[in-house]
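J.: Chain by chain, the residues:
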Amino acid sequence: MPARLSELSDEYNVTQDTFSSLLLDPELPCPKGLVSPSGKVDVKRFSVYRNNVVVGLTGAIADIFPAIQRLLGEEAFMSLARLFVADNPPTSPLMFQYGSGFAAFLEAFEPLKDYPYLGDVARIERLWLDCFHAADAEPIAPDALSAFPPESLGDLVFEPHPAACLFSSQYAAVSIFSANRQGASMEGINPAAPEDCLISRPDAQVDVRHIPQAATVFFQTLFDGQTLGEAANAASSQDPEFDISMAISTMLEAGVFTSCKLINEEPGSTGQ
Amino acid sequence: MLNATPRPIPADHEYLAECSVPARAGAGLNGQHVDDILSDDYKMGFFEVHAENYMGEGGLPHQALTQIRNNFPITVHGVGLSIGSERGLDEDHIERLAKVVDRYQPGIVSEHLAWSTHDNHYYNDLLPVPYDQATLDRVVSHIGQVQDRLKRPILLENPSTYVAFEQSTMSETDFITEIARRAGCGLLLDINNVFVSATNHKYSPEKYLSEFPLGHVGEIHLAGHAEDKDDDGETLLIDAHDRPVADEVWKLYQDVVTQMGPIPTLIEWDNDVPEWHILRREVKIAEAILDVVPEHPLLGERHASAAE
Ligand SMILES: [Fe+2]
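Protein sequences, first through last, are from chains A and B. Quick note on numbering: this note's numbering labels position 34 of the first sequence as 41, and the sequence is numbered without any gaps. Quick note on numbering: this note's numbering labels position 180 of the second sequence as 1195, and the sequence is numbered without any gaps.
Check each hint, because a few of them may be wrong.
[Claimed, not checked] Ranges between beta-carbon positions, derived for each pair:
{"no.": "1", "chain 1": "B", "residue 1": "P1309", "chain 2": "A", "residue 2": "K39", "range": "47 to 53 Å"}
{"no.": "2", "chain 1": "B", "residue 1": "S1156", "chain 2": "A", "residue 2": "P201", "range": "23 to 29 Å"}
{"no.": "3", "chain 1": "A", "residue 1": "G108", "chain 2": "B", "residue 2": "S1035", "range": "54 to 60 Å"}
[Claimed, not checked] The calculated DSBU-like cross-link candidates involving lysine-lysine, where the alpha carbons are at most 35 Å apart (straight line), are:
{"no.": "4", "chain 1": "B", "residue 1": "K1299", "chain 2": "B", "residue 2": "K1244"}
{"no.": "5", "chain 1": "B", "residue 1": "K1299", "chain 2": "A", "residue 2": "K39"}
{"no.": "6", "chain 1": "B", "residue 1": "K1222", "chain 2": "B", "residue 2": "K1244"}
{"no.": "7", "chain 1": "B", "residue 1": "K1058", "chain 2": "A", "residue 2": "K51"}
{"no.": "8", "chain 1": "A", "residue 1": "K47", "chain 2": "B", "residue 2": "K1299"}
{"no.": "9", "chain 1": "B", "residue 1": "K1222", "chain 2": "B", "residue 2": "K1266"}
{"no.": "10", "chain 1": "B", "residue 1": "K1217", "chain 2": "A", "residue 2": "K39"}
Source of the hints: derived by calculation from the structure; they are not laboratory data. Since the model is a prediction, treat every value here as computed from it, not as a measurement. Just so it is clear, CB atoms sit at the ideal spot from N, CA and C, and this is done for glycine as well.
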């Protein structure tokens, strides 16, 4: 090919750099070099790709944050989602990991400043999906603790289930999440009341349950590898009314741990 | 025949159903259908899953797929490798694919002639590549990289496209033929994609199919498309996967399988997913066509190796 001709054709090479920079910005003109059968640059044709990308990514955000969508209404939600995806395209082909920045995006969005709980509701929705996809593990049996002498229970340490986590909000984000996931009314919820939750997957179904703040301290202490005795003390100093038997039944019901052992016991001999 | 005959890597799971995919019709697996599928008396030939949906650690998706896999052969269709990428493949993603393949022992593994990731951004769409020498060399080397890791051949699927690259120096069929020859991969022939691209770029789908290397085809895809208009008011078809297969596509399918003989055929319907019985009806239409296709296909190459 003569030099000049190849230079000319290079001008019309469309790199993936060019192509991708145009996908999320409808203001930019379509690249030369991408043509219809009539040989012309065709906006409508290029916009099929733009539309596929935007519809695909906003659809993923809508799938991950259904409670936020119900709170904002579909139209407002979708226009927010379009703003979000344009600035925050996924960084992985695993779409079920997308949207970790959505909560902060909602909080920073000026017109939503009267709804400061939205960010935490979105965080719970994101944690819900992490829990849904987390690794499988058998939770400890309901009677696991009876394998230990009662006087030694305070020395037990626990292995967390891979799907279990805690979340604390300054707002009533747990009640708002639950009401909107169930399609229920928000009546009676005071958004300004702080709430905590335990997110776990005792069977295949994700369970988000509202727990007292002292129970969060209790589970967090156990997650940190400290003993049942230390966890009970930490929770009681947060709240003298802390109900340990209730916390232990929550722990067993919600499948928060996969094994337990006495702190000085050799690894491997578990009470599972 | 360079198709999907698996040479599985050592698997860490055993399943009751066979690995190898029969020359029957199957459907894309959607989570909402799993209970209907397992309780249905009609047992279709196989199910296809998108690899990326099973790259999570655990939970319901894996439970459901394990149940399906215990009852049916499956095929794994990747949508996130970005085989056409200018910047090389993501090794971590190849590892994730290998893990899914190892775990579920699919009879067929396939990917797309497209790209979807650039500069660490994933666009969740199958974006087009120019048909030139540099792209050809790159795609061949990327397929080799994947096949080396999986220790088995993959099938590469022909795309639906909406724009053409002026820089292309060869036809799509020449490009794909050369990829199959050099990479030693098989091909997944999506007949809806052929019809969509042929309409959009004003060529004959029959001519395209007459130039397509059918001897390399290990699986066929069928799907529905939407209709729109371009800036010139010309028909622009969109690969929508949201409705029944069009009559013209059924006709092309009939012609292809009459030439090739029976072949694993998948109905793709992954947007506006219908109830199970509606998807099943589409699968049965394909199955009815496969049932009356001559056992001894006209295609000598395939015939010879099928008799081995
Ligand atoms: Fe396809």
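J.: Check the hint pairing K1299 of chain B with K39 of chain A against an upper bound of 35 Å on the C-alpha distance.
T.: Since the Cα atoms of K1299 of chain B and K39 of chain A sit roughly 45 Å apart, the hinted pair is violated (cutoff 35 Å).
J.: K1058 of chain B and K51 of chain A were given as a pair; does the straight-line alpha-carbon distance stay at or below 35 Å?
T.: Violated. K1058 of chain B to K51 of chain A sits at ~42 Å, over the 35 Å cutoff.
J.: Below or equal to 35 Å on CA atoms is what counts here, so check K1222 of chain B against K1266 of chain B.
T.: 14 Å, holds
J.: Measure nothing beyond the straight line between the CA atoms of K47 of chain A and K1299 of chain B; if it is 35 Å or shorter, mark the hint as holding.
T.: The hint is violated at about 42 Å.
J.: At the C-beta level, are G108 of chain A and S1035 of chain B separated by a distance inside 54 to 60 Å?
T.: 44 Å, violated
J.: Would the pair K1217 of chain B and K39 of chain A pass a check requiring their Cα atoms to be no farther apart than 35 Å?
T.: With a Cα-Cα distance of about 20 Å, the restraint between K1217 of chain B and K39 of chain A holds, given a limit of 35 Å.
J.: Given a hinted range of 23 to 29 Å, is it respected by the beta-carbon distance of S1156 of chain B and P201 of chain A?
T.: The hint (23 to 29 Å, Cβ to Cβ) is violated, given that S1156 of chain B and P201 of chain A are roughly 56 Å apart.
J.: Is the hinted pair K1299 of chain B and K1244 of chain B satisfied, with a Cα-Cα distance of at most 35 Å?
T.: 32 Å, holds
J.: Is it true that the C-beta distance of P1309 of chain B to K39 of chain A lies inside 47 to 53 Å, as the hint says?
T.: 49 Å, holds
J.: Just to be careful, I want the Cα atoms of K1222 of chain B and K1244 of chain B compared with a cutoff of 35 Å; is the pair within it?
T.: Holds: K1222 of chain B and K1244 of chain B sit about 23 Å apart, inside 35 Å.
Going through the hint list in order, the structure does not satisfy hints 2, 3, 5, 7, 8.
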